[in-house]
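**Student:** We have chain A; now place chain B onto it with these hints.
Number of protein chains: 2
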Amino acid sequence: MGNLYKELKEYEQSDFYPFHMPGHKRHMQTMPMNHSYQIDITEIDGFDNLHHAEGVLQLAMQRAAKLYQSDETYFLVNGSTGGILSAISAVVGKRGKLLLARNSHKSAFNAVLLRELEPIFIYPELEEEFSISGGIRSEDVADALAKHSDIQAVFITSPTYDGIVSDVESIAKIVHDRGIPLIVDEAHGAHFGFHPFFPQNSVHCKADIVIHSVHKTLPALTQSALLHVNGEIVDRGKLHKYLSIYQTSSPSYVLMASVDECISILEKGRELLFTQLQDNLEEFHRASHVLKNIRILGQEVIGHAGIKDIDKGKIVISVKDTTINGQQMNQILLREYHLQMEMAAPDYVLAIVTIMDTREGLHRLSGALMEIDKKIKKNLNPVDTGNLLENHMGFMKNTELKRRLYETQDGETEQVLLLESRSRVSCEFVYLYPPGIPILVPGEVIQDTFLALILNYRQQGFSIFGPVDDSLQTIRVIKELFYN
Amino acid sequence: MGNLYKELKEYEQSDFYPFHMPGHKRHMQTMPMNHSYQIDITEIDGFDNLHHAEGVLQLAMQRAAKLYQSDETYFLVNGSTGGILSAISAVVGKRGKLLLARNSHKSAFNAVLLRELEPIFIYPELEEEFSISGGIRSEDVADALAKHSDIQAVFITSPTYDGIVSDVESIAKIVHDRGIPLIVDEAHGAHFGFHPFFPQNSVHCKADIVIHSVHKTLPALTQSALLHVNGEIVDRGKLHKYLSIYQTSSPSYVLMASVDECISILEKGRELLFTQLQDNLEEFHRASHVLKNIRILGQEVIGHAGIKDIDKGKIVISVKDTTINGQQMNQILLREYHLQMEMAAPDYVLAIVTIMDTREGLHRLSGALMEIDKKIKKNLNPVDTGNLLENHMGFMKNTELKRRLYETQDGETEQVLLLESRSRVSCEFVYLYPPGIPILVPGEVIQDTFLALILNYRQQGFSIFGPVDDSLQTIRVIKELFYN
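Chains as they are written, first to last, in our numbering: chain A, 18 to 501; chain B, 18 to 501.
For reference, chain A alone in the conformation it holds in the complex:
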C-alpha cells in the first residue's frame, strides 16, 4: 500500500470532522457508489464518449440539464478550471476585451493569459463589518460597459468563497442589453436553486454560461464539475471545441459516475435533504446566539457592499476585534476539537456545510464555538490583523496593468529579490490558496502596499503561491524599467 492511500485511509478513520470540500463529506451511508477500479473503464461499446456524447453520457448530461433547467449541460472532469478556460476562450476572440471581476479564480486570469485578452477589471466592495469582500454591483458593470463599447463578454464570480451573492439577474439584463454573454463562475454555488433556503442559481438568473463545482458543495467527487449553457449568444460549437482541448481525452468514468450519482440524489431527495440542512443550520444559528465575542455572518450584511444575498451553506465565523485572529481560531478548532475548516482568513474561518453534513457535526461546531468564545475577549485595538483585507482590496483597486498578462511571458525577464522588486512589472501571479484569487497579476506594478501586504500575510502564517520561487524570496519581473 502506498503512503498516500494509507494516510488518506487513516485520516478517514479518525474523528476529524470535515467542514470543508468535497461536499460529500465522506458520508458513506448515503453514497451508494463505493467503488473506484471496478467501474473505471474507457470508451468501449455502449459507454459513449464524453467529447462526442450520444448514449449513456448524453442522457446523463440531459438529466443534469433538466435538474438545473439549463438548455444544455456538460460534465467536466478537469474541475471548474477546465470549464472556465473553455468558457472564456469560446466567447472572447483572440486579443479581445473581457470585463472581469478582479476577485475571480486564477483560472479566469489564465484564460486571459492564454487568449491574450485585454481584461477590464471591476472590483467588489469591502464589507467592513466582517472584513469580507462584497458583491459586484450592477452599476459598476453598466459603467464599465458604457466606457468600453468593445467588451465581448463579462465574467463574475457569485457566490464568492465566503458565500457572498451578487445581483446576477440585474447584471445579466445589463450585459444582454449589449448583446454579449455573461459567464458566472458559480463554482461555490452548485447547490443553489433547489430550495427556498438558498439563493436562486445563475441559470435561473439568465446567465449564458454557468460553471458549478459539484464537488464543492454537493455530493460528488473532487475535480468534477458542470457547465451550463443558455440562450443563443454563445457559439456552442466553439465552446465544445475548447472543452475538448482543455480536458483529457481519457475522462474518468469514476468522476462522471459520481456526478451522475449526485444528480440522482438531488432528483429524488432534494426536498428532504435541503429541509434537513435548513433545520440543522437554523439550530446552529440559534445555538450561536449566546456567543459574545465570536460573530457569525448573517443576513444583516445583505444590501451593503453589493451584497444581494448570502449562501447559508457557508458559515463565516468571525473573530474580528477579538484577542485571536483567523489563523489562531483555525488551529484551535483543528487541534483541540478536531474540526477541520475550509479556510482561515485574517479575521475569520470558513466552514462549508452541505446536505451531507450531520446534526452531530454541527453540534460539535457550535459546542466548540461556545467554549472558545468564553476563553477569548473583545480587543478593540487589534494590531495584528491590521485591516489586512482592506489593504488587500485597496491595493488591488489601485494597481494598473502596465502590460497585458501575455506580454510578460515571452519577453526579457529577470528574477529579482522580492524586497527589491518595488516599481517593477511582475511576470507572475501572487495569490493566497485558498481561495486562489490573484493579489498580483502578471503585468501589474509591484507597489510598496503590495510588499507590505505580503509581509503581513506571511507573518500571520498564510500560504502565498504563484511565483516559481515557492519561498517568494524572489519574483520574476520584466527587464524593462518604468518610471512614473
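For the record, the hints were derived by calculation from the structure and aren't laboratory data.
Treat the hints with caution; some may be incorrect.
In this list, chains with the same sequence are indistinguishable; a pair is considered to hold if it fits within one copy or across any two.
Each computed DSS-like pair below joins lysine-lysine, with the alpha-carbon atoms no more than 30 Å apart [said to hold, decoys possible]:
| hint | residue 1 | residue 2 |
| --- | --- | --- |
| 1 | Lys26 | Lys83 |
| 2 | Lys83 | Lys23 |
| 3 | Lys111 | Lys255 |
| 4 | Lys496 | Lys164 |
| 5 | Lys414 | Lys285 |
| 6 | Lys392 | Lys164 |
| 7 | Lys285 | Lys23 |
| 8 | Lys329 | Lys391 |
| 9 | Lys285 | Lys114 |
**Tutor:** Relative to chain A, chain B alone:
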C-alpha cells in the same frame, strides 16, 4: 442510483473480458484501494497541494521519479492531455517552430493551436506487411532540423497505439546536438523499462520530457498520468506554470492515490508481475502458431519502416488479406466471445495486455482466435479494406498547411457540405477515435483523396470525429478561396 453507475456496475459483473485500457483491468484481487468517496479530500492540513507539493504528494512524486530514474516527476490528473499541452507550451515560445511527428495525438496539435506555433511535420513510414504505421526515423529528424535551424523542440510519439517503438536514443542524440529538447509522448509505454521483455523507456533514452499514461498500461485509474523531466534544457519553472494552468486547482486525491498505489505495486512486485506477464504472452504466442489466416504481429517487423522495437504488451491481431476486416473481427470477438478489444483498425484489432491480465483471459483470446481462424479464409483480392491505411498515410504526407492552425480559428469561416469542400482550407480537425490522431488538421487543404478516405472509413463503420457537425455532413472551412 444513477444510470451510468448502474450500467458500469452491471458491466463489471458481466463476463466481458477487457483487452483494453485502463491497465488495472478491474482486477480487484491485487488492487487494495477499493474506495472512492472515503479517501476523497481536498488540500487540508497534512495533505499537501499538487501544484505546490512539499509534503506527502512531493514524497509520492519523488518515489515515482526514483522508480523511473528521472530527475523529476509530476503526477497528472488531466490525463496525458494536460502533460502534452504543458510540455509543448513550456518549451516552444509563442509562434515558434515545433518539429512534430504527424502521427501524434490531437492534444499535441491543440498545443500548436493554443501557442500559435508553426509545426514542421515528420511522418512515420508505412509497414506494409501488416498495414500499420511504422516508426519515426532518426534520419528524418536530422534532415528536418538541418532544413529548419529555428526549430525549438521536437515532439514524437513512441510507442504508437499499436506498439511501434522508434529509436528514441538516436533521436535524442540528434536533437540534443542542436541544444533543443525532445518530448516523447510515451503515453502508451508507461510499462517500459521495468523488465527486459519490454523496451527501455524514453527517460532512459535521454528524452527531456516523457509523458506516461499510467492508466493505459499500468494499474492506475483512468485520467491519471505522469510527466518526467530530465536534464537542463527544459525551463522547469515554465513547465510547472503550464501544468498549473492546464490542470484543475482541485485535483482528485482518488486519482493521485491510484498513481501512488501503482508506483507501490511496481516498486515491490515488478519482477514477479512482469515475469508472469512474459510467461502469459509467450504462452499466447505459442498457441497462436497454429493460426493459418489470422496473423499476430511479431518481431519480424523490427528493422523495417523505422521500427526499432515493438511493445509486446500490445497484440496486433491482423486479418489483412482474409475474408473479414478489422471491424468484423472486432464484432465477432465482442458478440460471440465477450472479448472487448481496445480498437478495431481496417486490417486488424488491437488487444492491450498488462501485468493485471490473467492467464485465463489470454486463454480465452487464443481459444477464440483458433476458432475464428478456422471459419475465415485467405482472400488474396480483398476489396473492402482497399489499402485504407496506405491511402491514409499517403494523404497525410501530401497535405500542405495553407494556414497555420490558429489562423483558421478567429477569421471569417463558413460551414459547407463535406462533399462540396474540395480544395477548401479546413478550420477543423478530423480524426478517428481511437486513436485520436488527426487525419486532417486546421489549415490543411481538403483533397479528393481525403474525401475518398473519409467515405471509405465511414462505409466500414469507423467513428470519425472532430468537426462541430458530429455527423460530418458539413465541415467548417475558411472563407477565402485558394486556387492552385
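**Student:** Would you pick out the hints that fail for this structure and give their numbers low to high?
**Tutor:** 4, 5, 6 and 9
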